[in-house]
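Trainee: Residue-level listing of the chains:
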Amino acid sequence: MPKALQKTLLKLGIAACIALIVFNYPLLSLYRGHIAGLPTLYVVLFGLWLALILVARWIADPSVSNSFRRQPSDVTND
Amino acid sequence: MIDTWFVAIATFAYLGTLFAIARFGDRRADTGRSVITSTVYALAIAVYCTSWTFYGSVGRATTGGLSFLTIYLGPTIMFLFATVILKMIRVSKRLRLTSIADFIAARYGKSQLLAGLVTVIAVIGIIPYIALQLKAIAYSLKILFPDDPEALIPDALESLAFMPDSTAIIAIILAVFTILFGTRHLDVTERHEGMVLAVAFESLFKLAAFLAVGGYVVWGLYDGFGDLFARAHALPKIDALLQPESINFGNWFALTILSGLAILLLPRQFQITVVENVDETHMRRAVWLFPLYLLLINVFVLPIALAGLIHFDGQAFEADTLLLTLPLREGSPMLALLAFLGGLSAATGMVIVETIALATMVSNDLVMPILLRGRFEFANRTDLTGLIMLIRRSTIVFLLLLGYLYFRGAGEAYALVSIGLISFLAVAQFAPAMLGGLYWKDGNRLGAFAGLGLGFAVWLYTALLPSFAKSGWIDSGFILEGPGGITWLAAHRLFGMSSLDPISHTLFWSMLFNLGAYVIVSAMTRQNANEAAIAGQFVDVQRSGEIVPRIWRGTASADALIELLNRFLGPRQAQSRLQRYARNIGIAKISNLKADADFVLFAETQLAGTIGSASAHVMVSSVVQEEELGLDEVLNILDEASQVRAHSRELERKSSELEAATRELRQANEKLMEVDRLKDDFMSTVTHELRTPLTSIRAFSEMLHDDPEMSADDRTKFLGIIVGEAERLTRLINQILDFAKLESGRVDWEVERLDLRPLLSETAESIGQLFRDKGTVFVLELPEDEQPVWVDIDRDRLKQVVINLLSNAVKFVPSVAGLIRMNLTYETGYAKVSVKDNGPGIPEAYQSVIFERFRQGGNTMTDKPQGTGLGLPISREIVEHFGGKLWVESSPEADKETVSNFDAGSTFMFTLPLARDNDVVI
Chain A
0 MPKALQKTLL KLGIAACIAL IVFNYPLLSL YRGHIAGLPT LYVVLFGLWL ALILVARWIA
60 DPSVSNSFRR QPSDVTND
Chain B
0 MIDTWFVAIA TFAYLGTLFA IARFGDRRAD TGRSVITSTV YALAIAVYCT SWTFYGSVGR
60 ATTGGLSFLT IYLGPTIMFL FATVILKMIR VSKRLRLTSI ADFIAARYGK SQLLAGLVTV
120 IAVIGIIPYI ALQLKAIAYS LKILFPDDPE ALIPDALESL AFMPDSTAII AIILAVFTIL
180 FGTRHLDVTE RHEGMVLAVA FESLFKLAAF LAVGGYVVWG LYDGFGDLFA RAHALPKIDA
240 LLQPESINFG NWFALTILSG LAILLLPRQF QITVVENVDE THMRRAVWLF PLYLLLINVF
300 VLPIALAGLI HFDGQAFEAD TLLLTLPLRE GSPMLALLAF LGGLSAATGM VIVETIALAT
360 MVSNDLVMPI LLRGRFEFAN RTDLTGLIML IRRSTIVFLL LLGYLYFRGA GEAYALVSIG
420 LISFLAVAQF APAMLGGLYW KDGNRLGAFA GLGLGFAVWL YTALLPSFAK SGWIDSGFIL
480 EGPGGITWLA AHRLFGMSSL DPISHTLFWS MLFNLGAYVI VSAMTRQNAN EAAIAGQFVD
540 VQRSGEIVPR IWRGTASADA LIELLNRFLG PRQAQSRLQR YARNIGIAKI SNLKADADFV
600 LFAETQLAGT IGSASAHVMV SSVVQEEELG LDEVLNILDE ASQVRAHSRE LERKSSELEA
660 ATRELRQANE KLMEVDRLKD DFMSTVTHEL RTPLTSIRAF SEMLHDDPEM SADDRTKFLG
720 IIVGEAERLT RLINQILDFA KLESGRVDWE VERLDLRPLL SETAESIGQL FRDKGTVFVL
780 ELPEDEQPVW VDIDRDRLKQ VVINLLSNAV KFVPSVAGLI RMNLTYETGY AKVSVKDNGP
840 GIPEAYQSVI FERFRQGGNT MTDKPQGTGL GLPISREIVE HFGGKLWVES SPEADKETVS
900 NFDAGSTFMF TLPLARDNDV VI
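Chains as they are written, first to last, in numbering that gives the first Met the number 0: chain A, 0 to 77; chain B, 0 to 921.
Rather than coming from a laboratory, the hints here were simulated on the basis of the structure.
The C-beta atom is built at its ideal place from N, Cα and C for all residues, glycine as well.
Careful: at least some of the hints might be erroneous.
As the list claims (entries may be wrong) - Below 27 Å or equal to it, Euclidean Cα-Cα: the simulated BS3-like pairs (lysine-lysine) are:
1) Lys6(A) - Lys740(B)
2) Lys6(A) - Lys440(B)
3) Lys2(A) - Lys440(B)
4) Lys92(B) - Lys10(A)
5) Lys653(B) - Lys2(A)
6) Lys10(A) - Lys86(B)
7) Lys86(B) - Lys2(A)
8) Lys6(A) - Lys92(B)
What the hints assert, rightly or not - Here chain B is said to cover these stretches of chain A; the calculated rule only asks that three of the stretch's residues, wherever they fall, bring their Cβ under 8 Å from a Cβ of chain B:
9) 10-23
10) 36-47
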């Protein structure tokens, strides 16, 4: 397996472990009260979830983050 | 209220669209332009969200707060462990595995029995789940048309005696769809791209529907999130529901794990994620897009639930159908219709994919083995493809019928409502055998049997039977009191474990028994050779390109194998694949194929795609006389393979050594060339140096020779010059020889122990005439303690060095008031001799240059050379030979203003190590 892929999978695995921790007891018990009128639990769970998704995207899917730059295939046409 | 005909049209239009999309996808696939992009793949994975999700999450949220989220956080986290999924995809592709049953059976020695067990568990666990989807469709119709739940059927037809109900009609349509798009090809590995595209569309549709209703509730019925939550806050109990204190953390964790396993092990998820995967790089998008999908479809669940709680404050209401009842009550029937279609898409997507996945398992791992084993004439037919197709299609109809009957039978019973998580628990039983098989080579067939069997038994007893009991089908006493009053056997309190909720309870005990049995039995029993080889392929699949040893020996006939392929794949398919295989191994004609281990494996893998790996193994074995390989022999084969690997590693090492040697050689060569260049330089300098005195000798000799009348004075003067130049020439040649000797190390050193004091004074004395000729004052400063300064040295060589330094100094001191001071000091271990003059000094730039051969201070091109340019290099060689150092210190800037200042000028210094055993010598 290519080294780069291994590295990507490792990074994703680390993100997964962090997710297991932040989405479970005891950290879960900290998200009490309200933020701007909304329940903290609701805001934090969805916020962390979205953050996790963005991190995963950044790690795993370079084609998305590079989509505004020139693709290598464009360059070869020059 | 909406007109029934409109709903009917919308429903059938939706289903028609699905057919059109699937057809489009298949057409594109047939022409080689796949429509399965990474985005389509990720959306198709969202088949995970069934109607249970679509309607049920809201219901769960009304009583359980945010705990419904665990069902989606688990898969999110599991997808980040992409390495597991990737491994499953790779193994399946390599071995043409097409279902979970196949996967597990193949890993444990292609065991038909194991495949059958997995299939049975899957069917028992999943059929109720399919029934639940049908129920959701029926139920949502009932909500839309409370008065006429059969509204989809035109009244004229309803009176017909054999007219089925609406749900049955939808089930029939689904069966047709599944058969059309799920069994197009015989080879399951050739994927169902049209079906996947349709499922992706369904995912998109249900998401859009849910978001539409969610947006309508939050911004239409209320004034945004803030308003909704503020109103909910005012109601008693609701706020407490949204605080972490209301969460049962153990249950939360258990559900996260459970749903994480389900996303891998549910047959429909395996089908989409693994079997239908076109390109493993699609995982890169699925890893984040699928979780994002889950997030989006859940963002409005809680707000809708809260809106329902506020709306029906205090009254009884059906929480599971809020998605329909809220828009209906608030006068937005079109939105309710959209929600209905969304729920329909969630249900149909699940039913289609799940049925395909289960049908593959049932036909390959239950029906086929029975047919192949039995003495039916079946096995003798020449072309079995039609029959296999028929079996597959009948299985689909049978499974859907089973689901429908279960739905009709169970109806409103508890067994149906709770089946979602109970199904999850059933498929979670595959986890030890599946994941263990991927990462643990020693996990074996007996272990897998024991684990699956025990886990399944615990599941039956603590999850399925209680759900039956709660439906009133059997006596419910055993759930809490235990069968016959044996309390430690109570189904929800096994061994008195009363602190866990039923789901966590079943998860804990079933996993404990399952995993425990798998590990312990695997550790205590041995794999047979064949199984060990396959285990290696599973665990090491990531090291692609490695030599996978073919563990097979026996006699086979190529004709028999080809015949087998013809029968099961159909002659056309078989021929085209055989042709491809033959081309790959460089054989022109199929008839030339030899039945070697490779070919047997090829045939078996091809068959596996059609009839499952276990059956394929049986079929191939029937035409091949395989010799049973002992463990020793297998180990030998493996050993050979590892030796080959070791050889190749050895070769690699050698080649890298060779590269290193080449590099060194190149460097040495460069060095040699540099030396060669230096030698050329040296030669040309030497010739130049020799020619200068020779030229003048010749010039003056010619003048003497040509002019006999020359005056005696001139003659004497010229002769003097000639003698001087001849002496310089001699000196030069001596020094060159000297230097050459030193460089090549061919000098005979006559080392003796000498006192530096007398040596220095003698040497100075010997060239005293030089000082006197130039009128230079010479001062010799010796240490005052009168102690001898012993060094081990060659007397003549040291004299040479000192004379060199002194004569150099004489050359450069001014002709008036020249002063040279030679100083001897000694410190710990070293004697230091310095020769200081008050000459012009040496610019910093020249201070190192003067030690190079033929380099002198000043511009040699314009100034008349005052030495050979070899003195200092020779001196340095000598000093360094005896372990000392020779260097110069000079500050030429100072002499401009203070010509007479003795601080100016140059100081040449050298050190010599003192003789160590000083005392002994004296």
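Trainee: All hints, please: hold or fail.
Mentor: We went through each hint and held it up to the structure:
{"no.": "1", "hint": "Lys6(A) - Lys740(B)", "verdict": "violated (61 Å)"}
{"no.": "2", "hint": "Lys6(A) - Lys440(B)", "verdict": "holds (24 Å)"}
{"no.": "3", "hint": "Lys2(A) - Lys440(B)", "verdict": "holds (24 Å)"}
{"no.": "4", "hint": "Lys92(B) - Lys10(A)", "verdict": "holds (25 Å)"}
{"no.": "5", "hint": "Lys653(B) - Lys2(A)", "verdict": "holds (24 Å)"}
{"no.": "6", "hint": "Lys10(A) - Lys86(B)", "verdict": "holds (16 Å)"}
{"no.": "7", "hint": "Lys86(B) - Lys2(A)", "verdict": "holds (16 Å)"}
{"no.": "8", "hint": "Lys6(A) - Lys92(B)", "verdict": "holds (23 Å)"}
{"no.": "9", "hint": "10-23", "verdict": "holds (count 8)"}
{"no.": "10", "hint": "36-47", "verdict": "holds (count 7)"}
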